[in-house]
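There are 4 protein chains.
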Amino acid sequence: MDGAGRGRNRVEPAQDPTLPLALAHFAPSYRKGPVDECGVFGIYNNTSAAHLTYLGLYALQHRGQESAGIIATDGQEMYSHRNMGLVSEVFDEAVIGDLKGRSAIGHVRYSTTGSSVLGNAQPLLVQSRRGSLAIAHNGNLVNAHELRERLEQEGAIFTTTVDTEVMAHLIARHRKAGLEEAIVHMLGEVRGAYALLFLTEDKLIGVRDPHGIRPLSLGKLNGSWVLASESCAFDTVGADYVRDVAPGEMVVISGDTVRSTQAVPSQAPQQPRLCVFEYIYFSRPDTDLQGRNVHASRKEMGRQLAREAPVAADVVIGVPDSSISAATGYAEESGIPYEMGLIKNRYIGRTFISPDQEGRRRGVRLKLNALKKVLEGKRVVLVDDSVVRGTTSRHLVNLLREAGAREVHMRISSPPYRFGCHYGIDTGDTAQLVAVGRSMEQIRDLVGADSLYYLSLEGMVKAIGTGVATGDFCHACFTGDYPEPIPEGAGKFAFEKGGS
Amino acid sequence: MDGAGRGRNRVEPAQDPTLPLALAHFAPSYRKGPVDECGVFGIYNNTSAAHLTYLGLYALQHRGQESAGIIATDGQEMYSHRNMGLVSEVFDEAVIGDLKGRSAIGHVRYSTTGSSVLGNAQPLLVQSRRGSLAIAHNGNLVNAHELRERLEQEGAIFTTTVDTEVMAHLIARHRKAGLEEAIVHMLGEVRGAYALLFLTEDKLIGVRDPHGIRPLSLGKLNGSWVLASESCAFDTVGADYVRDVAPGEMVVISGDTVRSTQAVPSQAPQQPRLCVFEYIYFSRPDTDLQGRNVHASRKEMGRQLAREAPVAADVVIGVPDSSISAATGYAEESGIPYEMGLIKNRYIGRTFISPDQEGRRRGVRLKLNALKKVLEGKRVVLVDDSVVRGTTSRHLVNLLREAGAREVHMRISSPPYRFGCHYGIDTGDTAQLVAVGRSMEQIRDLVGADSLYYLSLEGMVKAIGTGVATGDFCHACFTGDYPEPIPEGAGKFAFEKGGS
Amino acid sequence: MDGAGRGRNRVEPAQDPTLPLALAHFAPSYRKGPVDECGVFGIYNNTSAAHLTYLGLYALQHRGQESAGIIATDGQEMYSHRNMGLVSEVFDEAVIGDLKGRSAIGHVRYSTTGSSVLGNAQPLLVQSRRGSLAIAHNGNLVNAHELRERLEQEGAIFTTTVDTEVMAHLIARHRKAGLEEAIVHMLGEVRGAYALLFLTEDKLIGVRDPHGIRPLSLGKLNGSWVLASESCAFDTVGADYVRDVAPGEMVVISGDTVRSTQAVPSQAPQQPRLCVFEYIYFSRPDTDLQGRNVHASRKEMGRQLAREAPVAADVVIGVPDSSISAATGYAEESGIPYEMGLIKNRYIGRTFISPDQEGRRRGVRLKLNALKKVLEGKRVVLVDDSVVRGTTSRHLVNLLREAGAREVHMRISSPPYRFGCHYGIDTGDTAQLVAVGRSMEQIRDLVGADSLYYLSLEGMVKAIGTGVATGDFCHACFTGDYPEPIPEGAGKFAFEKGGS
Amino acid sequence: MDGAGRGRNRVEPAQDPTLPLALAHFAPSYRKGPVDECGVFGIYNNTSAAHLTYLGLYALQHRGQESAGIIATDGQEMYSHRNMGLVSEVFDEAVIGDLKGRSAIGHVRYSTTGSSVLGNAQPLLVQSRRGSLAIAHNGNLVNAHELRERLEQEGAIFTTTVDTEVMAHLIARHRKAGLEEAIVHMLGEVRGAYALLFLTEDKLIGVRDPHGIRPLSLGKLNGSWVLASESCAFDTVGADYVRDVAPGEMVVISGDTVRSTQAVPSQAPQQPRLCVFEYIYFSRPDTDLQGRNVHASRKEMGRQLAREAPVAADVVIGVPDSSISAATGYAEESGIPYEMGLIKNRYIGRTFISPDQEGRRRGVRLKLNALKKVLEGKRVVLVDDSVVRGTTSRHLVNLLREAGAREVHMRISSPPYRFGCHYGIDTGDTAQLVAVGRSMEQIRDLVGADSLYYLSLEGMVKAIGTGVATGDFCHACFTGDYPEPIPEGAGKFAFEKGGS
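Residue numbers (numbering that gives the first Met the number 0), protein chains in the order written: chain X, 0 to 499; chain Y, 0 to 499; chain C, 0 to 499; chain G, 0 to 499.
One chain only, chain X, in its complex shape:
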């Protein structure tokens, strides 16, 4: 989904040429699986609006480590600060102090490629006839390219490569009618996944796409209203979870009231078709999605995996940190003891200097170490939540064997990952996905495991909760079954990398 677009604003990051591939694969900002692109947080009517947004972004940092931004308003002016880096790096006390006012929205963004330019950092602040508008967006539009082309034909110009700007243009086209109406108009034209926050001098608005693919929840903190990608952000700021924003719903917070309208007809009659990867990998274990705890769901996936793919073994281990939940579930269900077999170094910096051609192997060892005493002579079940290119898996299996594991049985707590995401997840080049064009046996052989099993789609869904069916999720990355048709060439659409 690389930007094959015209005239991209692209500066290759000054990459450390010595950074071994394996390390890139283990870099601190790296998240082994596919990567979610953003987290959003907003608060209305709080004297510490920017401060609390800062804390909320801290809690959502796992959703994006590339850039962070906050826009606040005191009802008169909009105050903005965005920069590349972690929340802890982008903000300091003086900056937070300058972000005045009682309302604010914030954004953390992830990006894997050259498009990591500051200009694309969010929230986006645009000014048009009806005043200022700040927008924070998690998701991706599948028809952004088409819309952008039309807008350009109508004379629009773009100063960023994120599709958030496309939405801003569409809103401006109808702004005369009032902001809410203009947003509804815009939503009528865009297709895709989005959790959106809008901030004006006097309103905070939250919108979720008609399928409910990306998560967005509403919370309350004393007299303040809060919107966030994940409920863990509510816990961090001390807010109470109220409810999820519904598919196609627009929540308008203004003055003392919260109004809700169905901005676009819901396409998810039962419940949101939430991205199933939020359960598998993206969300924090302490987040509740649709009332279900993420850690609990992951653990249940591990249990289900044990039922579907039992194996005679001595010990179950998980890849830290994200697969520990599933591994403990597998252990409990199978009765095979869970053990801490891999230790993660918590101090890995952003870059790493490789002494030699052994870099890749050393990179893995620098990040993770295998516990010989735990593994020696053992038949090991290695639980991982997903496999992307297979390279890391191969190194892990090798690491375990070198530590003395007699057998290594890989168990993946999600189905084979085979299709690109069009809804805001950077899946890299799908051609490189290990599960594309390979049989299970070939994958097993490639990673070097004694056996390899993936959790079934049905099993995964069952694990998430009772009362849900596969149709209640977006699982296109496993099945290619996208909630709505993907326009011809959408993969190439993204002028940038298709996400924001």
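Do not rely on the hints blindly, as some may be mistaken.
The list makes no distinction among identical chains, and a pair is therefore deemed to hold if it is satisfied within one copy or across any two copies.
Straight-line distance between alpha carbons at most 30 Å, and here's what the computed DSS-like set of lysine-lysine pairs gives [stated by the list, open to error]: (1) 175 with 461; (2) 371 with 219; (3) 219 with 202; (4) 99 with 175.
Hints are computed from structural coordinates only; laboratory data are not their basis.
With the hints as your guide, set chains Y, C and G onto chain X.
Then chains Y, C and G, alone, in the frame of chain X:
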């Protein structure tokens, strides 16, 4: 001309609260007089395009120290890097290396207020139907507010507060007709001062406003064409000066050719109505403007000043660095010896820690020291090129007296500065100008000098060169005689601070 | 053990005044319990000596996050680089490249107070008559003050406040006799805990104190010899563990040989009296100490704790990361399910901006979040490896209760911590230790738990391994039973903070 | 004088490989001629001691741009801060605030080579039996090597490579007798040039070498006493110059009193044999040395040069900034008009990226530009204060010719520079000095000038002042006539680079 506009994207810079006023007045990025807002540089068809642009910006650094940026193209893609800071801070070798291609434009920007946000750094890179377009702008539009309002009514959105974006919108409105035609269209709508560089994947275009208020010159470096705000940049990159771009002229460099068209009818039939402050203060002494050397003109202003305002004295001194030329001219004409009476500390950093309430006085002493041996018991002529608020002058006169000067006669090599600039110069609050609402005697009294004289407008013009009349310059800051009517409320126009 | 000494070289760190206490308590470089002061790594005869030392320090980063340093030699010159910060911050490729040669030693250092000055960073490089000598030291001398006083009387001067310099002086006093003899002489005079690495142009020497309080191991990497504080560093560089350096042993690596001598008579006839806190908290779980895996020992401590202090409960949780091992042991032994009840935010930066007086509570929530779904209505066993001041414990108990825990039973997998360490651990002010002067009931009340139990000393030792007795460890922090008499006033000795 | 010593603590700085030689020659921290190594400042009994020391170092920044440091005392403790960089970079308000107390000393240091290590930054803080002692040193000992060897034989160790540490050891050897006595003892053993400041908890002491080679002056600021390398620092802090410290004098400031003793017999019966390069180049123009203003002396050197080496020419120009004084003197005496023929770019950063092999030529042009309008067709006298390797001169002559100069006559306002300095000036490799082994004609040919003359030694001394003879200065760099015999091999002595 402060932005009273709606919804400004404003973050107060984290100012050092201890920075004494006097020091702010002497800060390194401070330029005592009114400040020019930008310098531009462009090169076409050179294998070291970004490198040479970097060198060119180095030479133009005096025109703006707030932010710097370069956009380069290899004919396929546009590569951009912009950041806050000096050229030497913004670019390093890796960054320059990433700015690939054979053409590039660059920009240095100055700003004194809270609008010093990265989002306003230039060149601006916009994308529209017909491809990418990078724009670097020195100047200011007087009808930007009006245009912006119209564009917003038509549905345009703005992501920066610089009027460059207004121009980008106007171009996009007519892009179908071809870029050059679209630029001509845009120029037909904007009014004000501008030296503009445009870069596309295959063209470099330079345009100068119909009055020729801001400078722009064309040079040649072997097979490459170069455009720059000042000729000193040509010397630095080793290019030869070819000629000034004429008022209203558009120079289109493409392939092997340079084509020239009169994009807007010239409003300066004789010669450009160049901003007279370029001669007085802004331009580097080694720059030639309209074929006249800046240092030579300044020296002649000093001579003329000596003719207009002679005084019996023992020594002539100038305020370093910008007034040295005029001071030597005064000395030569008057026969009074020129002396180095004030020594400037070359190592002043951006901030300064004041130990106590004496900060202001110490700030002056930290930056400048008076040479007692030169001044003791002497009647001193102190030549300065301009006086803004008068505070610095008062401190300087005091410094000289403490060093033993018996008499201090201030001689200013330009007329009293009384009117705001609408053409790209930040004049601050005109109400604070010392010459507004004060008689000469009151000003003299305020700065504490024994006598005070300003150079006459006619004398100044005469000094600049033969064959020129006052009508051949923009001298509105002295006379209020703007080249064209300023729209009602233009002072409030600038959504930002009116410049870019 | 705060430095009450004369004329300390003390600069208060520029602390963020907004950093709430609770956060300081949860700061990223913070390690909840007492803190180990250093890790050392050395390698001899390897073409990537500095690179591998860098990797080794990465693996030992948990032992000290304040400063890092490497000194390398090519047999002719010594090349040194030290700075404040994490390994990933202190070194980049250029720096590593400048650290030429085939041998190197490195050091990571922790410090909690104002003495965090660069001058104290290690390794120390001294030059004397017989050439250069680099020293890296983990530990603390109990008679440093006395020795320093004597040396000063003899005319010695000190440029740092670390007792490593005392050792350097003592060595220099006898250097004529040869380096090894001089080291032996020095060892005859110092008393305390130390793991020492020495590097000269042609030798790498490792020494361990006669009690074997601080750990030091020998490894082999192809033709190179390696010395490190913990065996996990061997895994990271791909070396094989050979053996622990014995109490009082000096290992001299030179040319092709490794020679071993008993530099000082061992005071630990059976086995090293290793600091028991290395098992409880300091060492990485994947490190093997004296042939016993640290994780396994901790898990066994949890089992033993379950035997000693069983409780009727629904779930066992541990404080991440260091107490997870013990918590799983407790769960396995008790049959109560282990659960992930606390989630740690992995992205906490070094500073944190508190919005208000709620800072302390928010600080805890920012760092750790409780899993409501896991805890609601449950009787919870909270396992922690140690309690220092009790503040964090109180916040944790409160966090669990707010998340719905019906009962909270604290179980500490080590005995009450009551005595200051004189062997290189920063214990802060012993008067602030929660276990000093309080009954168990008072502590329980203070932390707000329903019940509270500490593991017994005997239980702890039993958990570490068969064949060991309490006399086989230094457990003075629990018992006050120091391996050797502490000189009167040693607590005040440390000119600096007693460690290096 | 490069360190050929054993075991140097040497880390090559991460140099920009693209930095062209010519640029290194024009780098911002570069000072064209030989470089002075240090500036010192001290203040006693002032509530803003650290703040004022900071300002004083600002004024002395031209004497050293590599590192800066301040040590302050509140009578109980010593507070220290040192780092690499300019004064404005090393200190911020928080740091200054931490440097508590009413007395302080500061130091700025220059170094050109790899020995630019932080460990060598000053002031040095040592602790010995009698308490803390901070030392700031400008100068160089000629017998440091010999002393260091002796000290090492006696068991001393060294943690830096500056000879200040040698002095610290010698003082410690006799500290029992009291600090002043110990200093006198030390002074009896060292030979060379030094301006020394010592700070203890209750005293500030200043000492100057028996020849008075390096400058040191005493000033008064209300109730506070001030010591500084140059009087310009007094002006900056608002202090009054009292007198120079005499050769061999020790000034002890303590309580309310200033006591003076002849610590070592003066070797300069008439007046200090001050380094003549302080007049030529090192000191700031606004400094008074021995009651003579530096600018005035330089101007007189220019006059004398005009008398000794007149030439028929149209214009006199100087190399900015240091040669402007001499150039105006030459112009006044010769009657040939002085002109600003070279313009210096004030914004050159520390590094510079060269686009290509043309780097050297571009480097010169980036830093300096020639004013064509001033030079075209003219016979030019180019006045420079000294010539080191001749490379810059060649580039300058070429620059002038390219700007149209018809003839270029170089006039150097000092004698040919042929001998290395042993007194604290980094002269680089004397073999590279253009005047070594070349006739005047050969030098002229090498730099490409039409004529070339150096000022005579007698003429130079005459210019400095009446009543002085050549014997009243150290002019060894011109004559090889060192104030005292230089030990065999002193050039190689310096373990570091011979200076501090």
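Hint by hint, here is what the structure shows:
no.: 1; hint: 175 with 461; verdict: neither (48 Å within a copy, 55 Å between copies)
no.: 2; hint: 371 with 219; verdict: between (48 Å within a copy, 17 Å between copies)
no.: 3; hint: 219 with 202; verdict: within (16 Å within a copy, 55 Å between copies)
no.: 4; hint: 99 with 175; verdict: within (28 Å within a copy, 43 Å between copies)
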